[in-house]
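Undergrad: As a plain string of letters, each chain reads:
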Amino acid sequence: MNVMYFAWVRERIGLPQETVKTDAATVADLVAELVAREDRYAAAFADVSALRVAVDQELADFDAPLAGVREVAFFPPMTGG
Amino acid sequence: MQVRVQEAVFDPGTELAGFATGRRDIGAVVSFTGVVRDTSGDLRHMLIEHYPGMTERAIGKIVDEAVARWSLAGALVIHRFGTLPPGAPIMMVATAAAHRAEAFAAADFLMDYLKSRAPFWKKEVTLSDAAWVAAKDADEDALNRW
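Protein chains in written order, with this note's numbering: chain L, 324 to 404; chain Z, 11 to 156.
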């Protein structure tokens with residue numbers, strides 16, 4: 324699965340995207356797996372209420388299922404316009 | 011309907027002059043241009059990051075909804091990314107409709123949704139600092155108007 328990070332999430336984790344091998348059932352499970360890896364992930368995901376997630380390029384919730392999903396992206400609330 | 015996500019600068023006047031021309035069913039054209047503002051007094055530039063792929067999809071959905079809701083005859087969204095100096099145009103929306111109420115409302119709707127639902131992130135780089143612009147609660151609240 325392709326996992327992408329944007330804005331300060333990208334800066335905290337230190338990379339824009341990576342391929343993650345996972346059996347996580349939901350976004351929240353994937354976050355738990357990443358947090359357990361290294362401190363920089365724990366720092367980025369310390370407060371998930373400050374984060375948004377997109378599943379296959381559609382905004383989703385942290386309890387969204389990951390079966391069949393190819394791409395997950397984490398980022399702060401958007402500031403377009 | 012036209013959506014452009016680009017790094018290159020654009021000229022709002024030229025864009026507007028070419029927008030929704032040659033139609034006889036349009037009574038109103040509304041446009042908005044967002045410009046890089048120096049809020050701190052020492053802004054070096056604005057850095058705009060986006061999510062290629064999702065950006066075009068998300069804007070396309072927002073535009074489709076505006077077109078359907080206000081029976082627009084035309085809609086244009088241009089949004090830039092990259093390094094933008096103070097005073098540079100960031101983005102532009104234009105709407106064309108039979109009447110001004112629809113054109114204004116659709117442009118307002120597009121702006122509210124582009125602000126909070128299009129995957130862009132702004133970073134202000136000043137002479138002494140660099141900080142991501144935080145989303146405002148008011149921006150999220152604005153979506154409830156629609």
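Think of the hints as simulated: they come from the structure by calculation, not from any bench.
Where hints are given, some of them may not hold.
Claimed, not checked - Computed cross-link-like contacts, DSBU-like style, restricted to lysine-lysine with a CA-CA straight-line distance of at most 35 Å:
1. Z/Lys133 x Z/Lys71
2. Z/Lys146 x Z/Lys133
3. Z/Lys146 x Z/Lys71
4. L/Lys344 x Z/Lys71
5. Z/Lys133 x L/Lys344
Unchecked claim - Cβ-Cβ distance ranges computed for the label pairs, FRET-style:
6. Z/Phe114 x L/Ala355: 44 to 54 Å
7. L/Glu356 x Z/Leu26: 22 to 32 Å
8. L/Leu382 x Z/Ala148: 12 to 22 Å
9. L/Glu394 x Z/Gln16: 37 to 47 Å
10. Z/Gly37 x L/Glu356: 39 to 49 Å
11. Z/Asp147 x L/Ala366: 16 to 26 Å
12. Z/Gly97 x L/Lys344: 13 to 23 Å
13. L/Glu334 x Z/Gly37: 32 to 42 Å
14. L/Asp352 x Z/Ser138: 23 to 33 Å
15. Z/His109 x L/Ala366: 29 to 39 Å
16. Z/Leu26 x L/Asp362: 45 to 55 Å
17. Z/Phe114 x L/Ala365: 24 to 34 Å
18. Z/Gly32 x L/Asp352: 24 to 34 Å
19. L/Gln340 x Z/Gln12: 49 to 59 Å
C-beta atoms are modelled at their ideal positions from N, C-alpha and C, and glycine is treated no differently.
Undergrad: Could you see if the CB distance from L/Asp352 to Z/Ser138 stays within 23 to 33 Å?
TA: Roughly 41 Å apart at Cβ, these two residues miss the hinted range, so it is violated.
Undergrad: Go ahead and decide if the range 44 to 54 Å is satisfied by the Cβ distance of Z/Phe114 to L/Ala355.
TA: Cβ of Z/Phe114 to Cβ of L/Ala355: about 47 Å, so the range 44 to 54 Å holds.
Undergrad: Is the hinted range of 49 to 59 Å satisfied by the C-beta distance from L/Gln340 to Z/Gln12?
TA: Between L/Gln340 and Z/Gln12, where Cβ atoms are some 29 Å apart, the hint is violated.
Undergrad: Quick one: are Z/His109 and L/Ala366 within 29 to 39 Å, going by C-beta?
TA: Taking Cβ atoms as reference, Z/His109 and L/Ala366 lie about 52 Å apart, which means the hint is violated.
Undergrad: Quick check: does the Cβ-Cβ distance between L/Glu334 and Z/Gly37 fall within 32 to 42 Å?
TA: 48 Å, violated
Undergrad: Do the beta carbons of L/Glu394 and Z/Gln16 sit within 37 to 47 Å of each other?
TA: Cβ of L/Glu394 to Cβ of Z/Gln16: about 23 Å, so the range 37 to 47 Å is violated.
Undergrad: State, for the Cβ atoms of L/Glu356 and Z/Leu26, whether the hinted interval 22 to 32 Å holds or is violated.
TA: 49 Å, violated
Undergrad: If I claimed the Cβ atoms of Z/Phe114 and L/Ala365 lie 24 to 34 Å apart, would that claim hold in this structure?
TA: 47 Å, violated
Undergrad: Taking the CB of Z/Leu26 and the CB of L/Asp362, does the distance hold inside 45 to 55 Å?
TA: Check passed, 50 Å falls within 45 to 55 Å.
Undergrad: Is the Cα-Cα distance between Z/Lys146 and Z/Lys71 35 Å or less?
TA: 23 Å, holds
Undergrad: Is it true that the CA of Z/Lys133 sits at most 35 Å from the CA of Z/Lys71?
TA: 25 Å, holds
Undergrad: Is the gap between the beta carbons of Z/Gly37 and L/Glu356 within 39 to 49 Å?
TA: With a Cβ separation near 56 Å, Z/Gly37 and L/Glu356 fall outside 39 to 49 Å, so the hint is violated.
In the structure shown, a violation is registered for the earlier hints numbered 7, 9, 10, 12, 13, 14, 15, 17, 18 and 19, in ascending order.
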